[in-house]
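Protein chains in written order, with numbering that gives the first Met the number 0: chain A, 0 to 326; chain B, 0 to 505; chain C, 0 to 325.
Calculated directly from the structure, the hints in this document are not laboratory data. Predicted model, so just to flag it, every value in this text is computed and none were measured. Just to be clear, a hint being listed does not mean it is correct.
Stated by the list, open to error - Each pair of labels, with its calculated beta carbon distance range:
| no. | chain 1 | residue 1 | chain 2 | residue 2 | range |
| --- | --- | --- | --- | --- | --- |
| 1 | C | Gly-206 | A | Ser-21 | 24 to 32 angstroms |
| 2 | B | Thr-318 | C | Phe-305 | 32 to 40 angstroms |
| 3 | B | Leu-119 | A | Val-302 | 43 to 51 angstroms |
| 4 | B | His-367 | C | Trp-290 | 46 to 54 angstroms |
| 5 | A | Pro-158 | C | Arg-37 | 25 to 33 angstroms |
| 6 | A | Val-302 | C | Arg-155 | 48 to 56 angstroms |
| 7 | A | Leu-317 | B | Arg-394 | 31 to 39 angstroms |
| 8 | A | Ile-186 | B | Arg-394 | 33 to 41 angstroms |
| 9 | A | Ile-186 | C | Ala-23 | 54 to 62 angstroms |
| 10 | B | Glu-449 | A | Ala-181 | 47 to 55 angstroms |
| 11 | A | Met-40 | C | Arg-37 | 37 to 45 angstroms |
| 12 | B | Ala-10 | A | Leu-317 | 54 to 62 angstroms |
To be verified - Rough simulated footprint, nothing fancy, chain C against chain A, three-plus residues with beta-carbon under 8 angstroms:
| no. | region |
| --- | --- |
| 13 | 135-148 |
| 14 | 257-265 |
| 15 | 314-320 |
Note that CB positions come from ideal geometry on N, CA and C, so glycine has one too.
The lines below spell out each chain.
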Amino acid sequence: MTDATRHLPDRLESPAKRALKSWETLLLAVAVSIFVVNSLMSPYFLNAWNLSDATFNFTEKAMIAFAMAMLIIAGEIDLSVAAIIALASTAMGAAAQLDTPTVTLVAVGLGTGLFCGAINGALVTGLGLPSIVVTIGTMSLFRGISYIVLGDQAYRGYPPEFAYFGQGYVWWVISFEFVLFALLAAIYFVILHRTSFGRAVFAIGNNPTGALFAGIRVARVKFILFLLTGLMAGLASVCLTSRLGSTRPSIAFGWELEIVTMVVLGGVNILGGSGSIPGVVIAAFVMGMVTFGLGLLNVPGIVMSIFIGLLLIGVIALPRLLAMARR
Amino acid sequence: MLQTAATLDTAKPVMTLTGITKSFPGVRALSDVSLELYPGQVTALVGENGAGKSTIVKCLTGIYRPDAGRIEIDGRPVTFATAQDATAAGITAIHQETVLFDELSVAENIFIGHAPRGRLGLIDWPTLRRKSKEILTRIDAPLNPDLPLKELGIASKHLVAIARALSVDARVVIMDEPTAALSQKEIEELYALVERLKAEGRAILFISHKFDEVFRIADRYTVFRDGAHVGAGRISEVAEDDLVRMMVGRSVDQIFPKSEHEIGETVLRVQGFTHPTEFDDISFTLRTGEILGVYGLVGAGRSEVMQAVFGITRPSAGTVEIDGVPVRIRAPSDAINAGIVYVPEDRGKQGAIIGLPIFQNVTLPSLHATSKSGFLRLAAEFALARRYTERLDLRAAALDQDVGTLSGGNQQKVVIAKWLATSPRVIILDEPTKGIDIGSKAAVHAFMAELAAEGLAVIMVSSEIPEILGMSDRVIVMREGLIAAELMGDALSPETLVRHAAGIGT
Amino acid sequence: MTALLKSREVLLLAVIAALLGLIALRFPAFVAPENLARVFNDTAPLIVLAVGQTLVILTRCIDLSVAANLALTGMVCAMLNVALPGLPVAAILAVAIGLGALLGAINGVLVWTLAIPPIVVTLGTMTIYRGIIFLISDGAWVNAHEMSPAFTGFPRATVAGLPMLSWIAVAVTALVLILVARTPLGRAFYAVGGNPDAAVYTGLHVGRTQFWAFVISGTLAGLVGYLWVARYSVAYVDIAAGFELEVVAACVIGGIAIAGGAGTVIGAVLGALFLGLVKNALPVVGISPFWQLAISGSAIVVAVAFNARAARAKGRIILRRAEHSL
Chain A
0 MTDATRHLPD RLESPAKRAL KSWETLLLAV AVSIFVVNSL MSPYFLNAWN LSDATFNFTE
60 KAMIAFAMAM LIIAGEIDLS VAAIIALAST AMGAAAQLDT PTVTLVAVGL GTGLFCGAIN
120 GALVTGLGLP SIVVTIGTMS LFRGISYIVL GDQAYRGYPP EFAYFGQGYV WWVISFEFVL
180 FALLAAIYFV ILHRTSFGRA VFAIGNNPTG ALFAGIRVAR VKFILFLLTG LMAGLASVCL
240 TSRLGSTRPS IAFGWELEIV TMVVLGGVNI LGGSGSIPGV VIAAFVMGMV TFGLGLLNVP
300 GIVMSIFIGL LLIGVIALPR LLAMARR
Chain B
0 MLQTAATLDT AKPVMTLTGI TKSFPGVRAL SDVSLELYPG QVTALVGENG AGKSTIVKCL
60 TGIYRPDAGR IEIDGRPVTF ATAQDATAAG ITAIHQETVL FDELSVAENI FIGHAPRGRL
120 GLIDWPTLRR KSKEILTRID APLNPDLPLK ELGIASKHLV AIARALSVDA RVVIMDEPTA
180 ALSQKEIEEL YALVERLKAE GRAILFISHK FDEVFRIADR YTVFRDGAHV GAGRISEVAE
240 DDLVRMMVGR SVDQIFPKSE HEIGETVLRV QGFTHPTEFD DISFTLRTGE ILGVYGLVGA
300 GRSEVMQAVF GITRPSAGTV EIDGVPVRIR APSDAINAGI VYVPEDRGKQ GAIIGLPIFQ
360 NVTLPSLHAT SKSGFLRLAA EFALARRYTE RLDLRAAALD QDVGTLSGGN QQKVVIAKWL
420 ATSPRVIILD EPTKGIDIGS KAAVHAFMAE LAAEGLAVIM VSSEIPEILG MSDRVIVMRE
480 GLIAAELMGD ALSPETLVRH AAGIGT
Chain C
0 MTALLKSREV LLLAVIAALL GLIALRFPAF VAPENLARVF NDTAPLIVLA VGQTLVILTR
60 CIDLSVAANL ALTGMVCAML NVALPGLPVA AILAVAIGLG ALLGAINGVL VWTLAIPPIV
120 VTLGTMTIYR GIIFLISDGA WVNAHEMSPA FTGFPRATVA GLPMLSWIAV AVTALVLILV
180 ARTPLGRAFY AVGGNPDAAV YTGLHVGRTQ FWAFVISGTL AGLVGYLWVA RYSVAYVDIA
240 AGFELEVVAA CVIGGIAIAG GAGTVIGAVL GALFLGLVKN ALPVVGISPF WQLAISGSAI
300 VVAVAFNARA ARAKGRIILR RAEHSL
């Protein structure tokens, strides 16, 4: 080697400097401002128990959003997650009628989620079908099965200890669901940002052909992501069913859109290739606090959905508008 | 010819471009170039890949709007907001890539955007079909106008593209490397067509980097190099050597760094590779330290065979052996494990992952080596990436720079570095120097020779005859999905290559 | 390929005929002409929306806001009728079409000028349009007794043996068929979806073509909004909730490729008829209507798998013997 060989530095800027300019930082500022505005607007906002209650607005959705974020980064989507919640809840309800112990109920819920995820994954990766249509189809199918089983009825009669998952507290105001949410955030952070599997997810989302040409088993990675998403929907179903104490076929109706919104708001590119778990975590808090704050001000849910819709379009439109203005 | 000579002196240009500049983020594709086109004459636009030929075509046809400069028709300045404006001004183009619609019929492909209209402004299908048939007959293309385009092969599609260009009454016809995918017979037919268009008084811009072609068909020439105008004039007043010098900006004798070394044992043996539509009964061997050139026209099936060897597509029949041991390759990961790697032609889509940083691109197939039980080790990744990118003399600011911000040549170095990091036995390079600058080109050639000298077995797919002749120990020529010839030693010459690739005298 | 496409529609027609035949074996009354006319009339809104959605999907987009657009336009028409009972139906129709077109244009502009993925745009506008219904109506219903007879009578008025609603579905289908087959814009839908890069080279404007697809889809949704509210004589926030998925289902079953550029209007109409038939036949054959959702879900999955099989790439055609052999 001659001394003409130049030394290539690892990084141009330090990771900290890069983080400062990121979407997540901007989003965090938004979250903080919402927090401040909310506490100024309503005297009931800054109350530990009220805030703790508010976390239920997002913990279940966020669990799914973590897996969905990875799926969307890899260039796919699963619109059937809310329907999986309904089917898993129905399966648990049916099992509960047979006096099934709580452990088995949870296994039934998770198993149903995993099974539904496997169906989506097989259809998308095995048959090479577009995930958006496939999961619109399975969305109708999964929820349809719940309707066939339940009709206009509901399942109740879950064992008392089953209530812990959605209603229990680990310590003081810290709910079991919140702990689960925090734990899953950490796990998904590591998977997406610290493992070779996560790297493969980014590569696939950026350029599926390039990833295939680099020897990545694209179909297998995507299949695993669908499994994970199904599993998370099953887990969310356990928590939600436990919290509500009953199952109707309309349970979690429309959640898929809120979850996708959460993911996109968290800075995940809907076309795949980029995004982060911290972003989704902050987005979950933002959406939860907006819902809670508007709720305290007696704004009805449907009006909040306008806000969510505007947020969804706004967060994507804003950077593009700015880029156009700059040009 | 006499008449041509006369018009050469008197004719006024139908179209003049002056001071055209066009930049893209990070690249200045054209800077202050000019071009004149004369009625009844063929102007050859000559230049290497990346010289800006395709960019000027896109400016001429309304795809791009130049940042600066004037386009004049008959001395009047014009601007094209869309491709339709350019068509309306009488400019038509046969583009390099087939820009056609697979789902639509041949007739509709010819007329889309300017279909004949009948009452109420509705599309007049009978007229459209009849006119399509007329145009197809005019260019001797025996195609059924009602056939969906996707049922045609590459040469037939090209005929449709030509028919499309002739469907408007154009004053300026642009042909962007029109012969690249054609056989010799089809090329002759194209020349006849060009003569006819000339006789009709149309101005023709003929883009090519094949000199025999330029000297045979053109009346004038213009040379671009690295986005700049380097010369123009009459073809009768220029020598081939001068033209080449203008084009490459250095002496004519390109030096290929072919090293003298022992060629070893057979490492790769491909036998009877067959695919329903792409190739048939392909067999060849490759030895350590050998560079095997694979030559053919664009669309001859070379990339398709190599991608099947690499596990992207699965052949319907055929076997692969490494060191005499059969290996089952069902996915690229199988090929990589067997020591076969592939540097694809389409760098942006298949080779590099341009949204990811350099180091992540390099380590992508080697993550098992740079991670520990699935967890990434960034230090190891940076080390591996640095080792191979510095060996290839990569020009970049830092290893965490996105690959998309690099020049074509440097992107190619990243892709090659990625594969070297897996310590392969066989490296397949598909058009490794396509669209990269001369400096990077020489570096890639030098590196290829170095790899072969180290005992790596190299397959080089290329459409450039000098590159094939200069680098290869042995050459396979493919034509229409079949192996047309295997040549080495004295049998290797530009003439034999062209003959076998185009299917004449065999 | 034409043969293949045709066979797709022929196949769907055969499935529908077989289904009818099976039902007729046990319940001959179901296939009586007047009952079939009733089924057609019941499916008319789905047909109209599926025809509009077809254009959107052809251009590689998707419009998930059609049901919300329908509901909002319907509510505006109903409230207009309550406020001005004397307003002629023609004016109501004009409002419905105009408002529908506007709501569709909003989608189109966001997709065109800001290049936001259509699924995101229409997911967003879907919730926004629904929310606006609540804002303008305060969550209240507009009931039958508040509407004028002329308002509710129009879609039911019988002309030549068929209700107006059915005739509108027929007219819309015919108009869109002409649009697609005989106008440059109609052909552009195919070109832009089939190969956007090539479309630019031929002077077609991808974004503008997509914009028009959204405007047409929105216009038809607005039109159906009035017809829906008038036919059922009620307007509230949640009418036609989830109907957008049924519309997409009709298109997918009809063979419209979600990747754009392939499929026919007739296919979408047949897809809608299939779903309408299933929906109307279930109660007749004694299956709980709760089965409907699962059946249409399965139909989507089967149809999309079928589409993909038909469209699967067979590789480039290089060998001479492979040419024209598809």
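Against the structure, the hints come out as follows:
no.: 1; hint: Gly-206/C to Ser-21/A: 24 to 32 angstroms; result: holds, 30 angstroms
no.: 2; hint: Thr-318/B to Phe-305/C: 32 to 40 angstroms; result: holds, 34 angstroms
no.: 3; hint: Leu-119/B to Val-302/A: 43 to 51 angstroms; result: holds, 47 angstroms
no.: 4; hint: His-367/B to Trp-290/C: 46 to 54 angstroms; result: holds, 49 angstroms
no.: 5; hint: Pro-158/A to Arg-37/C: 25 to 33 angstroms; result: violated, 49 angstroms
no.: 6; hint: Val-302/A to Arg-155/C: 48 to 56 angstroms; result: violated, 35 angstroms
no.: 7; hint: Leu-317/A to Arg-394/B: 31 to 39 angstroms; result: holds, 35 angstroms
no.: 8; hint: Ile-186/A to Arg-394/B: 33 to 41 angstroms; result: holds, 40 angstroms
no.: 9; hint: Ile-186/A to Ala-23/C: 54 to 62 angstroms; result: holds, 57 angstroms
no.: 10; hint: Glu-449/B to Ala-181/A: 47 to 55 angstroms; result: holds, 53 angstroms
no.: 11; hint: Met-40/A to Arg-37/C: 37 to 45 angstroms; result: violated, 54 angstroms
no.: 12; hint: Ala-10/B to Leu-317/A: 54 to 62 angstroms; result: holds, 55 angstroms
no.: 13; hint: 135-148; result: holds (count 12)
no.: 14; hint: 257-265; result: holds (count 3)
no.: 15; hint: 314-320; result: holds (count 4)
Hint check: violations occur at hints 5, 6, 11; the rest are consistent with the structure.
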